[in-house]
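Visitor: Chain by chain, the residues run as shown.
There are 2 protein chains.
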Amino acid sequence: MTRKVRVGLLGCGVVGTGIVRLLHDNARTIEGRLGAPIEIVGIAVRDLSKPRDAIVSAPLVTEDAMSVATHPDVDVVVEVMGGLHPAGELVKAALDLGKHVVTANKALLAEEGDALLETAEQKKVDLYFEAAVAGGIPIIRVLREGLASDRIVALRGIVNGTSNYVLSRMQHEGLDFADVLKDAQRLGYAEADPTLDVGGGDAAHKLAILATLAYGARVHPREILKEGIDTVGAVDMRYAERFGFVIKPLAIARPVPWGREEALDLRVHPALVSKSSVLASIGGALNAVFVEGAMLGPCLMSGPGAGALPTAMSVVSDIVDVGRNMLVDSHARVPTRAFRGESLQTMRVRPSAEHRCRWYLRFSVADQAGVLARIAGVLGGFDVSIEQMVQEGGRGGSSVPATLVMLTHEAREGDVREALSEIARLAYCHEAPRALRVEEDA
Amino acid sequence: MTRKVRVGLLGCGVVGTGIVRLLHDNARTIEGRLGAPIEIVGIAVRDLSKPRDAIVSAPLVTEDAMSVATHPDVDVVVEVMGGLHPAGELVKAALDLGKHVVTANKALLAEEGDALLETAEQKKVDLYFEAAVAGGIPIIRVLREGLASDRIVALRGIVNGTSNYVLSRMQHEGLDFADVLKDAQRLGYAEADPTLDVGGGDAAHKLAILATLAYGARVHPREILKEGIDTVGAVDMRYAERFGFVIKPLAIARPVPWGREEALDLRVHPALVSKSSVLASIGGALNAVFVEGAMLGPCLMSGPGAGALPTAMSVVSDIVDVGRNMLVDSHARVPTRAFRGESLQTMRVRPSAEHRCRWYLRFSVADQAGVLARIAGVLGGFDVSIEQMVQEGGRGGSSVPATLVMLTHEAREGDVREALSEIARLAYCHEAPRALRVEEDA
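Chains as they are written, first to last, in our numbering: chain A, 1 to 442; chain B, 1 to 442.
Derived from the structure by calculation, the hints contain no laboratory data.
Watch out, some of these pointers could steer you wrong.
[What the hints assert, rightly or not] Straight-line alpha carbon distances no greater than 27 Å define the calculated DSSO-like cross-link-like pairs of lysine-lysine that follow:
no., chain 1, residue 1, chain 2, residue 2
1, A, K92, A, K124
2, B, K4, A, K123
3, B, K124, A, K124
4, A, K275, B, K275
5, A, K4, B, K124
6, A, K124, B, K4
7, B, K4, B, K124
8, A, K4, B, K4
[To be verified] Heads up, incomplete: computed chain A residues facing chain B, CB under 7 Å, no partners named:
no., residue
9, R3
10, L22
11, G35
12, L48
13, V142
14, E292
15, M295
16, M313
17, V320
18, S330
Just so it is clear, CB atoms sit at the ideal spot from N, CA and C, and this is done for glycine as well.
Chain A with its partners taken away, still in its complex shape:
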């Protein structure tokens, strides 16, 4: 029985420093729960000369990350550097040596998780990653253990805090995307290069992980339909509101019938959700995951999706969990991917063209007689029928373009796309039509 859990920390930025702080401040509570102390034995940083919080013990710090990842005294390697390299090589080296790993690195897990998790399973060591999805919300544990007896019927989440922050401010202040983004960068809610966040890439990484845990399916982020929030305008917020909706950045996974088999519907995009829905009430940079179990029904978890301390909290809870496994020698007690290796499925991802939903469509068109009839005609030709419509701007024959906003009845995504590309080619269409999905059960 090991009487201490010895940690090697890779990365000591805000999250790493938060981990050191938490292990210090909550040492007594943690030992009371775990039954053994957690001790940091090495800390790898990129640049030794950078000034650090006094809580980070200088003699432990080194630039040689591999020496920390492979140190014989280290039981658990904690990786909070981010990025694929050298994080991937370090994690692999640690696992190969039979060390347990706790990581907050969703990109690494989404891109190379399969191979790393298989190595962990072969070596019978733990690879935990609660902090990789939805920061402080313990969604990984809930999917892997709390709902272990249920079948997940649908999973809908707001898992990118930056996108939620930007859309929330657009909603409440009537501002346009670019203005809010600039402000968000100034305030530290968005990175200098915001592409991964506002483009949906980060949410797709997280959704790939969640789908694996919920369905036992191997999913790669490139199989996920991905649309960013950068095409949402202040004007769309306003019209959505008029129809009784707000626009939220969603990540969705659900099993759907497809031909004779069951496939996964996987999507990351901004969507219209009813003003009265729970996800509509998740504002600011908060994250939320809404899980619907066949037996459970709907269950919501919301909380801080990022931030140094919430993320550090999740990482250290994982260290406690690994420590508990060390103390009673129960590694691999819970399968890392929620399902045991032999039960993992290769579920297919349904082509996004097959998705059916109501659509919000916005057209900017010349203010001429017959335009509406023509657009409605094209839509109708593709089986897309209009439920509600608002026409604004222009004054009958003026040169100012008119705005045409529609809510359709349920229509197939492939049909909508074809109709829109035909409409976009019409001479009186001033800009590419905008299309957003309505998510009914959010």
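Since chain A is already given, all that's left is putting chain B on it; use the hints.
Guide: For chain B alone, coordinates are given in the frame of chain A:
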């Protein structure tokens, strides 16, 4: 290594039948996660002659509950009978024989949990009870594992679905307590004897369990301040709304400084919460628990707090957890009370008189000159100062009583109680003053 998890089921009402159904319907998913099948080997019922769902295999059913609880083939005893007797004796007998127990019985846990959990710890067997608090919401697991690294700063929940259902309908339909309760009984949302639910007893049971897990403190329900929702009138809903609040049935646990030590503030009562707060949005019979971690910040979980299937889901997830422990022999890996026995504290409960908050006060008084001045005078004499006031009804000297509603500044509970009992003795006070607390951080 056991290759099967064999269950003895005590009780086969709606929850018990739900468990049988779930184990049947989700057998493949569960085995994929657990790595072994779960098999029911005996089912104890009160009355053999009662008709049952066809899924309940007749040859397994018996009226001899003790024979199921102590059967040599049973690995896990699942108790869903409810009540203290004979459930307590059966659980104790099973634990004494080294069997694991999963129970949904909050009354048993709150009243006799300490002794039962100690027996489980001595015998090194598992005693799990996720379904006992907030039905399908995996709050026990989250407190015990997900937030194992954090210190819980406050825990606020809606943990009695019946009370939430009744108050929500009063709020939305303007009805009085008695009318909604009658309807709730008719619809199955309230028991024939609703005392335990609407009187706060059930919530106090659950809060005692949550406080133990969050703070490692031994708490008995009788130490918890308890007020039912039966004193809330439609008129209070209306005035609360006017001040920007809704009234919700809360259960609250938080550590507070008291003299030189830290004590627990434990309360179950209806409270005014801001309309824009998260708990205000938890409607119907839903439950929610709002946990605030020192590092995590605020985190909300909401979902169905009762119902056969959500409760069965939680019970079976516990069976899966116990099964995982069986397969790798890791019982007692996680301390049942979240903290290891030697770390459990005997935290004192702070006397409720010491609580400070804003108050909602309603007086029904004779419509005479000087009444308001007199009431304000008594309040002032006890250091209770008025922030907002509304006076209605009566027409200056008429015989119709006037209603006086106030929102106070923060005041000490003991002072408020003394002031109110003095006011209640005034001749022109028509009925006992009503007082409700304002909960600011809900």
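Visitor: Within 27 Å, alpha carbon to alpha carbon, are K4 (chain B) and K123 (chain A)?
Guide: Answer holds: K4 (chain B) to K123 (chain A) is near 25 Å, not above 27 Å.
Visitor: Tell me if the interface restraint on L48 (chain A) is satisfied: Cβ within less than 7 Å of some Cβ in chain B.
Guide: This interface hint is violated because 27 Å lies over the 7 Å limit.
Visitor: Given the proposed pairing of K4 (chain A) with K4 (chain B), does the C-alpha separation stay at or below 27 Å?
Guide: Status violated; Cα separation ~34 Å.
Visitor: How about M313 (chain A): closest beta carbon in chain B under 7 Å, or not?
Guide: It holds, given that the least Cβ distance between M313 (chain A) and chain B is near 4 Å, below 7 Å.
Visitor: Report holds or violated for the interface hint on E292 (chain A), using the least CB-CB distance to chain B and a cut-off of 7 Å.
Guide: Since chain B brings no Cβ nearer than about 10 Å to E292 (chain A), farther than 7 Å, the hint is violated.
Visitor: Mind checking the alpha carbons of K124 (chain B) and K124 (chain A) for me, to see if they're no more than 27 Å apart?
Guide: The given pair, whose Cα atoms are some 24 Å apart, holds under the 27 Å limit.
Visitor: If you take the shortest Cβ to Cβ gap from V320 (chain A) to chain B, is it below 7 Å?
Guide: holds, 4 Å
Visitor: Hint G35 (chain A) vs chain B: min CB-CB distance below 7 Å?
Guide: holds, 5 Å
Visitor: With a cut-off of 7 Å on the beta carbons, see whether S330 (chain A) makes it to chain B.
Guide: holds, 3 Å
Visitor: If you take the shortest Cβ to Cβ gap from M295 (chain A) to chain B, is it below 7 Å?
Guide: Since chain B brings a Cβ to about 4 Å from M295 (chain A), closer than 7 Å, the hint holds.
Visitor: Would you check the hint for K275 (chain A) and K275 (chain B), treating anything up to 27 Å between C-alpha atoms as holding?
Guide: holds, 16 Å
Visitor: Would the pair K4 (chain A) and K124 (chain B) pass a check requiring their Cα atoms to be no farther apart than 27 Å?
Guide: Holds - the C-alpha atoms of K124 (chain B) and K4 (chain A) are around 22 Å apart, at most 27 Å.
When the structure is compared with the earlier hints, violations turn up for hints 8, 9, 12 and 14 and for no others.
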